[in-house]
Amino acid sequence: MKAGRAACLLLPLALLTGCADLSRSRDLGNPRVSAVTLAGQVCSNCHGFTGVSVSPNFPNLAAQTPEYLSAQLKEFRSHGRKDPAGFRYMWGLSRSLTDEQIAGLAAYYAAQAPASGLPGAGSPAGRTIYLEGVPARNVPACATCHGAEGQGNATFPRLAGQHRDYVAKQLKGFQRTDDRPAGAVMQTIAHALGAEDIVDIASYVQGLPGTAPAR
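Just remember that this note's numbering sits 24 ahead of the position in the sequence shown, which is counted from 1.
A hint or two may mislead.
[Said to hold, decoys possible] In silico EDC-like links for lysine to aspartate or glutamate, alpha-carbon gap of 16 angstroms or less: (1) 106 - 202; (2) 193 - 203; (3) 193 - 156; (4) 98 - 124.
Because the hints were derived from the structure by calculation, they are not lab data.
Starting from the given sequences, assemble the full structure and let the hints guide the process.
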């Protein structure tokens, strides 16, 4: 009888010990869970284990600039970024992240190999806008901020190899809404773009090869 009682007492302890395995934890509210663990156990569900997303609904994060990733996670956490997909998924996921975890996630994804560009996806018209802009409409070259190879620059995100549908959705969001107030500069630029321009730009950047950024 005593042995059976002891076993019953030990069972909850064993369960608690198993749940305390921080290397497999999905507890977004636990500041002791490492960023690498969160990336593998939580973020990978949408963005892939190495930050290359299979679904165009979710952006590639691999080789993204750490400054941009940190800024976006903090925008989600503070509810400053409120595009529909953002508040539907990221508000809840980011609300308890610490600054240390955010910095760790940004560093983890920045260190991953970039997504390969989609062969044949490039648009000649998109290339012209990306590298030269549209002077007649005061649209600057995208390369000015995002780099000639789409590699990104500090808080200006990497675009090379990004999903066409995701890029187009973001440009339309800048054009039609105030859901991303931190991207005010893009609102002005996007308003001068036509529907075909957006498709052309998005197609072009998706076709850019996955050149790793210099750190």
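### Query
Is the Cα-Cα distance between residue 193 and residue 156 16 angstroms or less?
It is violated: about 22 angstroms lies between the C-alpha atoms, which goes past 16 angstroms.
### Task
Could you grab the alpha-carbon distance between residue 193 and residue 203 and see if it respects the 16 angstroms cut-off?
Holds, at roughly 12 angstroms.
### Query
Does the alpha-carbon distance linking residue 98 and residue 124 stay inside the 16 angstroms limit?
11 angstroms, holds
#### Entry: Straight-line alpha-carbon gap residue 106 to residue 202, limit 16 angstroms
Cα-Cα ~9 angstroms, so holds.
Hint 3 from the list above is the single one not met by this structure.
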